[in-house]
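Going down the list, the protein sequences come from chains S and Z. Numbers 7 to 424, taken from our numbering, label the letters of the first sequence in order. Numbers -7 to 285, taken from our numbering, label the letters of the second sequence in order.
No wet-lab data here; the hints were simulated from the structure. Heads up, some of the hints might be wrong.
[Unchecked claim] Below, in silico cross-link-like pairs of lysine to any residue (SDA-like), each with a Cα-Cα straight-line distance of 20 Å or less:
{"#": "1", "chain 1": "S", "residue 1": "130", "chain 2": "Z", "residue 2": "184"}
{"#": "2", "chain 1": "S", "residue 1": "167", "chain 2": "S", "residue 2": "97"}
{"#": "3", "chain 1": "S", "residue 1": "339", "chain 2": "S", "residue 2": "391"}
{"#": "4", "chain 1": "S", "residue 1": "346", "chain 2": "Z", "residue 2": "97"}
{"#": "5", "chain 1": "Z", "residue 1": "123", "chain 2": "S", "residue 2": "397"}
{"#": "6", "chain 1": "S", "residue 1": "327", "chain 2": "Z", "residue 2": "68"}
{"#": "7", "chain 1": "Z", "residue 1": "123", "chain 2": "S", "residue 2": "352"}
{"#": "8", "chain 1": "Z", "residue 1": "60", "chain 2": "S", "residue 2": "325"}
{"#": "9", "chain 1": "S", "residue 1": "346", "chain 2": "Z", "residue 2": "161"}
{"#": "10", "chain 1": "Z", "residue 1": "276", "chain 2": "S", "residue 2": "238"}
{"#": "11", "chain 1": "S", "residue 1": "346", "chain 2": "Z", "residue 2": "230"}
{"#": "12", "chain 1": "S", "residue 1": "346", "chain 2": "Z", "residue 2": "116"}
{"#": "13", "chain 1": "S", "residue 1": "201", "chain 2": "S", "residue 2": "211"}
{"#": "14", "chain 1": "Z", "residue 1": "124", "chain 2": "S", "residue 2": "388"}
{"#": "15", "chain 1": "Z", "residue 1": "123", "chain 2": "S", "residue 2": "349"}
{"#": "16", "chain 1": "S", "residue 1": "379", "chain 2": "S", "residue 2": "420"}
{"#": "17", "chain 1": "Z", "residue 1": "124", "chain 2": "S", "residue 2": "200"}
{"#": "18", "chain 1": "S", "residue 1": "327", "chain 2": "Z", "residue 2": "64"}
{"#": "19", "chain 1": "Z", "residue 1": "123", "chain 2": "Z", "residue 2": "161"}
{"#": "20", "chain 1": "S", "residue 1": "339", "chain 2": "Z", "residue 2": "66"}
{"#": "21", "chain 1": "Z", "residue 1": "157", "chain 2": "Z", "residue 2": "263"}
{"#": "22", "chain 1": "S", "residue 1": "346", "chain 2": "Z", "residue 2": "157"}
{"#": "23", "chain 1": "S", "residue 1": "167", "chain 2": "S", "residue 2": "200"}
{"#": "24", "chain 1": "S", "residue 1": "248", "chain 2": "Z", "residue 2": "124"}
{"#": "25", "chain 1": "Z", "residue 1": "124", "chain 2": "S", "residue 2": "391"}
{"#": "26", "chain 1": "S", "residue 1": "346", "chain 2": "Z", "residue 2": "169"}
{"#": "27", "chain 1": "Z", "residue 1": "123", "chain 2": "S", "residue 2": "167"}
{"#": "28", "chain 1": "Z", "residue 1": "276", "chain 2": "S", "residue 2": "273"}
{"#": "29", "chain 1": "Z", "residue 1": "276", "chain 2": "S", "residue 2": "254"}
{"#": "30", "chain 1": "Z", "residue 1": "123", "chain 2": "S", "residue 2": "315"}
{"#": "31", "chain 1": "Z", "residue 1": "190", "chain 2": "Z", "residue 2": "169"}
{"#": "32", "chain 1": "S", "residue 1": "174", "chain 2": "S", "residue 2": "214"}
{"#": "33", "chain 1": "S", "residue 1": "339", "chain 2": "Z", "residue 2": "123"}
{"#": "34", "chain 1": "S", "residue 1": "130", "chain 2": "S", "residue 2": "158"}
{"#": "35", "chain 1": "Z", "residue 1": "123", "chain 2": "S", "residue 2": "391"}
{"#": "36", "chain 1": "S", "residue 1": "339", "chain 2": "Z", "residue 2": "276"}
{"#": "37", "chain 1": "Z", "residue 1": "276", "chain 2": "S", "residue 2": "253"}
{"#": "38", "chain 1": "Z", "residue 1": "190", "chain 2": "Z", "residue 2": "177"}
No experiment lies behind these values; they were computed from the predicted model shown.
Here is how the chains run, residue by residue.
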Amino acid sequence: MKGLVFLSVFLVAVYSQKLFIGDQVLRIKAENDEQISILQSLETQEHLQLDFWLHPANPEFPVDIRIPFSNVQAVKVLLESNNIQYSVLIDDVQAVLDEEQHELEVNQKRERLTKSFNFGAYHKLETIYGWMDTLVTQYPNLVSKINIGSTYEGRPMYVLKFSTGGNKRPGIWIDTGIHSREWVTQATGVWTANKIATDYGRDSSITTLLNSMDVFLLILANPDGYAFTHSNNRMWRKTRSKTSGSCIGVDPNRNWNAGFSGPGASNNPCSDSYHGPYAQSEVEVNNIVTFIQQHGQIKSFISVHSYSQLLMVPYGYTCDKPADYQELENVGKSAASALKSLYGTSYQVGNICDVIYPASGGSIDWSYDYGIKYSFAFELRDTGRYGFILPANQIIPTAQETWLGLMHIMQYVQAHPY
Amino acid sequence: MCWTLWIALGLFPLVDGHPTLKTDQNSLEAADTALNHQNGTLNSVLHLDDREKAALEPTWVDPAFPMKELNTSHYPATRAAKVAEHYLNYHHGSPSKWFMVHAIERATSEDIPEVGTKYHIQFSVQEQATKKIVENCIAEILFRQTEGQSTPEVNCTCDDLLKIKTSDADHALYHHIKHQPHLVTGTDIPDSQGNIPKEMEPLWYLGGIGASFIMWQQSNESTLYNMAHIHNVKQLNSENDLLAFDYVVLLHEMVSQEIIHWHMQVAWNPTQGVTVTQCHLLPKDTMKQPSAE
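With these hints in hand, go ahead and build the complete structure from the sequences.
In structure tokens form, the structure reads like this:
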């Protein structure tokens, strides 16, 4: 009832000018039936223009009255002279209405910004960073932004944390864009962040997941490289660090401390798979390692790449299978099946070394050997027709189908604590 | 360089490129015959009698040359199938017809000492313009063990390849380009967002078919090539009835992750198909790289 009255008051406020300046809402605690009678007689005093939000019925329940400014003092005197206890619930009704109106407009604007964001297009780095801020503002109780450190060129690395509370709940890590030319991955990261935020509270699976686990999403794992793909070279893969000689950059997915400088990585600084001068030489890799180690409760580590349509498990630095291979392969195959169910996109599943190539110093090999059992690497669409330059109209379908694969993995992780 | 290779390869189907092997080769030779091209034309319909079918089944012919069953999800099979894809595209592609491997059904390989490794792949392909799937492709790919790169030797046939009819589209395109007042040109195909203007699509396809020749040539067991981007294309003046184009293409090699620039000239008409008349490798940083808007 109160809500309905409040709504009608609010609507009046919206459509007319300020009608409630100085009006107060009092909460009255009647002690006995006699006081209730007095309050009931007040209701009949039409000239007072009292607006009862909670009507006097019996002493067990409070009586709430909105009183026009001009009559506030008179009513208070009446109550006091009858020893009727009251407190001021709202000091100035108009002020509350103004604040609500303001908040409504701000929220509508924010919603327009996040809803009007074109998920079916590729965006510049600054645009993605701006959008991340609007997402955090839009969903302050779910999403926060963590700066895990700077890149070689001084750009911040922002991780979005999705959490409903708790104290260092077990977490799931997802990174996209570590190879900057793989644009569908950063775009998928943006769509996925939005998906998690908007589905929480509406979809039971993600809601259940977030009620006991946190999700950490690093959309731009290689911001310097990403900026370079916009300004200079669409095909840039590596970081932008200057080591020795004239060639720039290290392959960030050969730089992890897992079989470092082994097969499938080059020691030539000019190579697109240059592993770097030493493991974790790249500050971008180091920032992620530090974050994961300091968190201490990450239970799944998922790196997203493109292209080839693969869902892979460790190892890349050796073709020997990890101890948990059978379980990981099973999870991978079910996830690929879920992914395929949407648009028929086929993924091959297996260990990196056998499915694509031996590749040492990779992120999921590091995470697995660190103790994060559920380590997976995706290679998204396509299989080579467009390759890295996937048409923007495939971003959303790719993100939608990938989401099904990701959710399968995340639900499995939640159901299998270790 | 490329045109001499083209002549040599044009003659290839007339030559039995298969090594003479040791004892008990009858079944293998039967399989070879069944798979060989006849006089350079495509044997598109594979009629096998029971003996030939049996010959195609992988058998342990000789413990010295075992046929190994391959996992179709693993890279030895996918790399070999990709070579077959490039071969198929170069021999049957056009500005209206471009194939991609759709699914690998079965793959085997055999190591032939002092020769190389021969792969047998059963797979399906999808044509990109019509989206039609062509099942029952069979390819035999021989990677010779040589000093330096040598072109893989490929035999490839598909049931119903001829069911993909694009001659009308090809002829229409040919006449359209022939009667343009100006020579056609294009740059950045696709653009950074993956867009390709409708009128550029045939040039994109043609570039892909031409690039297939280079990718086939350059492939070995340690590579997997795709065409990543067309930097630019310009039509050349041509005195005969062939249309001619000059391309700079970017190839992506998956194993090294390198982007490799090639310059090529491509000739085409609907009856003769696509031919790469010239090609050469460009140095890594020859030109300004493609950039986003």
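Verification of the supplied hints:
1. S:130 with Z:184: The hint holds at about 12 Å.
2. S:167 with S:97: violated (38 Å)
3. S:339 with S:391: violated (24 Å)
4. S:346 with Z:97: holds (18 Å)
5. Z:123 with S:397: Holds. Residue 123 (chain Z) to residue 397 (chain S) sits at ~17 Å (cutoff 20 Å).
6. S:327 with Z:68: holds (18 Å)
7. Z:123 with S:352: holds (16 Å)
8. Z:60 with S:325: Judged against 20 Å, a Cα distance of about 18 Å means the pair holds.
9. S:346 with Z:161: violated (33 Å)
10. Z:276 with S:238: Answer holds: residue 276 (chain Z) to residue 238 (chain S) is near 15 Å, not above 20 Å.
11. S:346 with Z:230: Roughly 47 Å separates the two Cα atoms, so the pair is violated.
12. S:346 with Z:116: Given that 20 Å is the threshold and the Cα spacing comes to 18 Å, the pair holds.
13. S:201 with S:211: holds (12 Å)
14. Z:124 with S:388: With a Cα-Cα distance of about 17 Å, the restraint between residue 124 (chain Z) and residue 388 (chain S) holds, given a limit of 20 Å.
15. Z:123 with S:349: Cα-Cα ~15 Å, so holds.
16. S:379 with S:420: holds (13 Å)
17. Z:124 with S:200: violated (35 Å)
18. S:327 with Z:64: Given that 20 Å is the threshold and the Cα spacing comes to 18 Å, the pair holds.
19. Z:123 with Z:161: Holds, because 15 Å separates the two Cα atoms, which is no more than 20 Å.
20. S:339 with Z:66: At roughly 14 Å apart (the allowed maximum being 20 Å), residue 66 (chain Z) and residue 339 (chain S) satisfy the hint.
21. Z:157 with Z:263: Since the Cα atoms of residue 157 (chain Z) and residue 263 (chain Z) sit roughly 13 Å apart, the hinted pair holds (cutoff 20 Å).
22. S:346 with Z:157: Answer violated: residue 346 (chain S) to residue 157 (chain Z) is near 30 Å, above 20 Å.
23. S:167 with S:200: Given pair residue 167 (chain S), residue 200 (chain S) holds - Cα atoms ~12 Å apart, limit 20 Å.
24. S:248 with Z:124: violated (48 Å)
25. Z:124 with S:391: At roughly 15 Å apart (the allowed maximum being 20 Å), residue 391 (chain S) and residue 124 (chain Z) satisfy the hint.
26. S:346 with Z:169: violated (40 Å)
27. Z:123 with S:167: Given that 20 Å is the threshold and the Cα spacing comes to 41 Å, the pair is violated.
28. Z:276 with S:273: Satisfied, since the Cα-Cα distance of roughly 18 Å is no more than 20 Å.
29. Z:276 with S:254: Cα-Cα ~14 Å, so holds.
30. Z:123 with S:315: This hinted pair holds, its Cα atoms lying about 19 Å apart.
31. Z:190 with Z:169: holds (14 Å)
32. S:174 with S:214: holds (17 Å)
33. S:339 with Z:123: Judged against 20 Å, a Cα distance of about 26 Å means the pair is violated.
34. S:130 with S:158: Given pair residue 130 (chain S), residue 158 (chain S) holds - Cα atoms ~18 Å apart, limit 20 Å.
35. Z:123 with S:391: holds (13 Å)
36. S:339 with Z:276: violated (39 Å)
37. Z:276 with S:253: holds (12 Å)
38. Z:190 with Z:177: Answer holds: residue 190 (chain Z) to residue 177 (chain Z) is near 14 Å, not above 20 Å.
In summary, the numbered hints that this structure violates are 2, 3, 9, 11, 17, 22, 24, 26, 27, 33, 36.
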